[in-house]
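Q: The lines below spell out each chain.
There are 2 protein chains.
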Amino acid sequence: MTYRAPVEEYNFLFDHVVGLEALRGTDRFADATADVTRAILTEAGKMCEEVLAPLQRSGDLHPARLENGVVRTSPGFDKGFKAIAEGGWVGMAADPEYGGMGLPMALTAAVGEMMSAACLSLQLAPMLTQGQIEALEHHASDALKELYLPKMISGEWTGTMNLTEPQAGSDVGALTTKAEDNGDGTYAISGQKIYISWGDHDLGGNVCHLVLARLADAPAGVRGISLFLVPKLLPDADGNPGARNGVNVVSLEHKMGLHGSPTCVMQYDNATGWLVGEPQGGMAAMFTMMNNARLGVGGQGIGIADASYQHALAYAQDRKQGKTSAPALKDSIIGHADVRRMLTTMKADVFAARAIAVSNAVAIDMAKATGDKAWTARAALLTPITKAFGTDTGIAVADMGLQVHGGMGFVEDTGAAQFCRDVRVTAIYEGTNGIQAMDLVARKMMDGGEAAMALLDEVEKDVEAARATFPRLANDVWEATESMREATEWLVSQTDLQERFAGAVPYLHAFARVLGAHLHLKAAVADRGGAREKLARFYIQRMLPEHAALLAHAQAGAEDLYALTAEELAG
Amino acid sequence: MTYRAPVEEYNFLFDHVVGLEALRGTDRFADATADVTRAILTEAGKMCEEVLAPLQRSGDLHPARLENGVVRTSPGFDKGFKAIAEGGWVGMAADPEYGGMGLPMALTAAVGEMMSAACLSLQLAPMLTQGQIEALEHHASDALKELYLPKMISGEWTGTMNLTEPQAGSDVGALTTKAEDNGDGTYAISGQKIYISWGDHDLGGNVCHLVLARLADAPAGVRGISLFLVPKLLPDADGNPGARNGVNVVSLEHKMGLHGSPTCVMQYDNATGWLVGEPQGGMAAMFTMMNNARLGVGGQGIGIADASYQHALAYAQDRKQGKTSAPALKDSIIGHADVRRMLTTMKADVFAARAIAVSNAVAIDMAKATGDKAWTARAALLTPITKAFGTDTGIAVADMGLQVHGGMGFVEDTGAAQFCRDVRVTAIYEGTNGIQAMDLVARKMMDGGEAAMALLDEVEKDVEAARATFPRLANDVWEATESMREATEWLVSQTDLQERFAGAVPYLHAFARVLGAHLHLKAAVADRGGAREKLARFYIQRMLPEHAALLAHAQAGAEDLYALTAEELAG
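Sequence lines, in order, name chains A and B. For reference, each letter of the first sequence is one residue, going 1 to 571 in the UniProt record's numbering. For reference, each letter of the second sequence is one residue, going 1 to 571 in the UniProt record's numbering.
Please note that the accuracy of each hint is not assured.
Same chains, same names: a pair is fine if it fits in one copy or spans any two.
To be verified - List of simulated lysine-lysine pairs, DSS-like, C-alpha gap at most 27 Å:
id: 1; residue 1: K320; residue 2: K444
id: 2; residue 1: K82; residue 2: K444
id: 3; residue 1: K444; residue 2: K323
id: 4; residue 1: K82; residue 2: K145
id: 5; residue 1: K178; residue 2: K82
What the hints contain is simulated information worked out from the structure, not anything from laboratory work.
Next up, chain A with everything else stripped away, as it sits in the complex (with noise of 0.2 Å):
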């Protein structure tokens, strides 16, 4: 399996399609040249290549294993995940106060896409530690900054999030992990949460666990849960890693994929935690991470689909099977109609996805240089939809991989069905894609819809100054994002949060096709008669259409999804 990092692509998406002039004009990332952005993909494209692509099959084929109450990872995983802490990887987008490089979070995302295209189950292990440096930069005190933030920049000690508990998974509130005051500022958590992904490992260093707990007397619900800091070993006086603490792994889940990426049951027996933010303030402080993390697992689903479509791709050129009357490619199945409908879909998603995650995060680091609250808002409404739309397009674009090898691909020496078990969970953790959905249509519509109007304003915007090149796309464009924008107002206008429910996720998927078609176009303006401008061509001629069922389907409203009873779904 060889893997190519897409360093020329995120070169075009910076430069033509999602705006970082505008970033690199703002005082806190004028570093941030075209010189430097090139420089830093291409070092971190070659870590891929050579040194983490080579692990994806040996985290799937030596699982991670529980040994004595220890986490054993793959073979090799160890050099990679020192090839990421020692190139300064984990700590790109983090406070060069403690040692960070203070990044743009466009730069990480894309270093993290291509980190989880060469190897997603140890890509795990420094994203949820990038998550934890930003949950600590904005809710720790400073004696705990101190302590544990140059260690996790460095990649010296890892992060995980400890959520879930088997009574309590999407319902967050429902949690029963208790934290009682030790008196001496410190608190003893004792609780077990599941999912817990690299709980642990045998890398070295120390594992901190992020930990919701309830405070003695806290409230019901969400409103009474607080944030912990718990390591694994305690910080001795000098802040090396000392005394084991009350915290275990309990077993290991036997998963459909992501093997490589240690899923663990953990117990927490009055273990000694660090209040991270205010008392029953835990929420918010998770939040920063979560929304961290979901941009984080969009952009797995994105490289799992580039991963996949540069294999699928490989294997197309190079098998032969039938004759075609295609003009070039005769033997090859690349020459096959449906073959390359199959490719150029994957190849039109995975710019879509990878657009939309890209100016995401470009959202993010406007509103951090500029405090302009509008970038605040663009940035919340689009992480879900890069969340879902990223990580469903990686599970469409992975099964499409497995198509095209035909039965090969059903066999796991290729490496395609791994592509596609992996990927599966990206849809399910940091929240469900179903949940994604949710929170775009009830939280990120708090503001009735502001958002995401000024967003398919700016769309109308570069789509009017598009149509005297390509009048035909553009007027697709326009149309469907005037139906976008009709859509959004009814689900406003939606008082029961149940019928804005009812069509969350057709909702979502049709924004992300308007949204992925508008940045096909600007590719295409910049690349006339070029390749993008085929692939947007493709894009919006016939996968734009689907908005049109979506948002019928988004606009049904709740009353027939609840006409079958329980008893008539079963019967």
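Starting from the known structure of chain A, arrange chain B on it as the hints suggest.
A: Frame of chain A, contents of chain B only:
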């Protein structure tokens, strides 16, 4: 994992949707009265629920394995296969002259779906045997029939299909396996075949291979291919299994799923074989088996879809998480709008795919019973749709079923992931779904679209009749049918097949959407005010609109598929 066979659903389909009363009016199938079909479905359903369903996990957890050249099957598969054989389920459609029950394919398809749902990997063995029985009935000499058919019909011996070679998958004409005339009525077969499902096993009896091979001096391509029956054990003078033939299992594939089904690489070294059909007439004989198997594989997809749906529904009713304002079941996740959306979508597509498959089977039966070529053409038209839509539905529904489970879906213990892994191959084997779509738009349209138009005429006739009862639903289906008619006219007007192939898969999906709407509407008419009317509303209002985007894609032509060069695809 529990499974409830859809006996009542099939009774309803038979009585109200697919026109089994016409079949019962023929001489040939006059005995298939409502009482008979009901009794048979009930009996088969009982076996599937009680004997086969408990084996589903066993096949996954304890894959078939090769030991000293012999395939050892998963624990319990011997008892499961015995129940299938002794129940007479292998030979239910077979000629009574050789011990078959002579029942309609409509019933065989129904029972096949149920057995697939209960244990897909085991069901593949009798399914392939049924295909071989049909091929022998139509093409073998009387001597071969007398020797082999009773043993296969009783389930004592099983059958396989040997088409694929490493360099000859979808392009069967490229195969190189040789057959030399031994001059005594037998042939010496030599070559290697891959992806041979159930190529060997330890369930007793004999394994009979139908092998495509090339006689000396045969012309190149598919016209030079002949078909041979090659038993693992050569029958002795009494017709009992005797000496080992020159055929061996070289290895088993390590697959993404369907672990209970041994997928063999077979080596033939001067193996003794008997010609089936005419020399160079192998493809015609093989197509008898393939068409049977394509209907069967469509049923496999539907079976797994139904099993996943039942499994996800049970989980959704049981799993408490969050609260909703839904009228009932507030605490279970089935109260959540998006979970309802997924479950209702799953149920609606199971109905559509199943009704299409049974219509297909009825057309086969009517052709057999009446000799009317219009029924033959109808069956031929529906076969690729049944296969591709049935299996794509299996994949999509199993995927949604996993998603309904949230994090538990990605963990193997629940079985939701197994459905996804197992069903994935059904879109590939017996002709990939891309091949099915090419078959639909090329071979099945060689009549200038006559069979397709006749079917659409029938749809519109039924829709007109439903207009008084359901004006809005009928109107939606009528308009979609008109669009389908226009797309079909465009398609048959394309003399360059590449233009058709470019949109073949979306065209097939659109056709399935429209046929699904037709059959849902018929069900609604028969069940006014009942669950089926509610389900039809959901399907027609939320899922049918997809046809428009699919037809836009179907008619977009080949040009933009080939616009991107291979270099640009890689760029």
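Q: Checking an output row: K444 and K323, CA cutoff 27 Å. Within, between, both or neither?
A: between (51 Å within a copy, 20 Å between copies)
Q: Is it within, between, both or neither when you check K320 against K444 at 27 Å Cα-Cα?
A: between (50 Å within a copy, 26 Å between copies)
Q: Checking K82 and K444: alpha-carbon separation at most 27 Å within a copy, between copies, both or neither?
A: For K82 and K444, the Cα distance exceeds 27 Å both inside one copy (39 Å) and across copies (58 Å).
Q: Within a copy, between copies, both or neither: which one fits K82 and K145 at a CA-CA cutoff of 27 Å?
A: Within one copy only: 23 Å inside a chain, 67 Å across chains, cut-off 27 Å.
Q: If the cut is 27 Å between Cα atoms, do K178 and K82 qualify within a copy, between copies, both or neither?
A: So K178 and K82 fail the 27 Å test inside a copy (35 Å) and across (55 Å) alike.
This entry does not satisfy hints 2 and 5, going by the numbered hints stated previously.
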